[in-house]
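Residue numbers (the working numbering): 1 to 280.
Don't take every hint at face value.
[To be verified] Okay, the calculated beta carbon distance ranges per label pair:
#	residue 1	residue 2	range
1	230	258	37 to 43 Å
2	240	171	50 to 56 Å
3	119	148	15 to 21 Å
Derived by calculation from the structure, the hints in this document are not laboratory data.
For clarity, every value in this text was computed on a predicted model and none was experimentally measured.
Note that CB positions come from ideal geometry on N, CA and C, so glycine has one too.
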Amino acid sequence: SRIATTETSVERLRSLLAEAAAIDDIAVLESELLKRETELEQLRGQLRTLQDRVAFATITVTILRRASVAPAAGLDLVASLDEDRARPCPGRGALSVGPDDTVVLCFEVVNTGDADLVDITLDASRLRLRAGDLEVLDGPGLERLAPGDTLVVAHRVTLDDGRFALLDARGGIEIALRVSATPVDPAGQRFAEVASGDTVVLDVAEAADRPGFTDGLAGGWTALGWAASLALLVFGFLAPWSPLVAVLAGVVVWRRRRHTPYAPPEAGEPPVPAGDPPGA
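Let the sequences and hints guide you as you build the complete structure.
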């Protein structure tokens, strides 16, 4: 910086000397310019001496390896449940089965990042899933999943009297499924683990019991109640009409007696007393 400052001062003095007209000014400027040029040459000489010394010195260079940049990594999990069949998955988000049926857990894993995924691990609520128990239905397998690829894995679980992994599934339970994996770059460098999760609902229907005496008794009481209700309904409907029915019945009887001619008894037969039936 001193050399640059001195060079600027020398240039300024040279400009002033070129513009000076008076002899006294010229003499002063020449003296000052000579002084500054001498100082500048001394500084340049010192700089060259330092540069020569550095040239013979031992130079140590430390090369640092550039840190690996983590690639964009991610994965997505779509979980479902399916019945035990030859080709399960994809299934449904909610499934109802019997208390001793076999259900299939379906894992559909998609690599949504830009790096390969290795060490793919699948988990479910209170279940320890081993690689040997998993059935790969589609995709390259659990060892490695390339960007954009899809992996479909199934795991069968047989219920024990309505229990799923010691959980009573009657009335419905939520099952949490999770997948995790480790992204790697082309050089094999591993990065932070990525994971994704999803839930499904499993419902176990109660087994239908055979009807017994209690069911028959309850059905009989129900039928009796319906019959009594029907009888009361009919009686309630006819009750308002009973006076009219009685009047009409009386009129009909009166008219029949009025229009029936009296037949006198034949000769030789004693008269029948009024009110006594024949042969009494």
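Is the distance from the Cβ of residue 230 to the Cβ of residue 258 consistent with 37 to 43 Å?
-> holds, 40 Å
Pairwise beta carbon distance, residue 119 to residue 148, judged against the given window 15 to 21 Å = This hint holds: roughly 19 Å between Cβ atoms.
Falls inside 50 to 56 Å, the C-beta gap from residue 240 to residue 171?
-> For residue 240 and residue 171 the Cβ distance comes to about 52 Å; the hint holds.
The structure meets every hint from the earlier list without exception.
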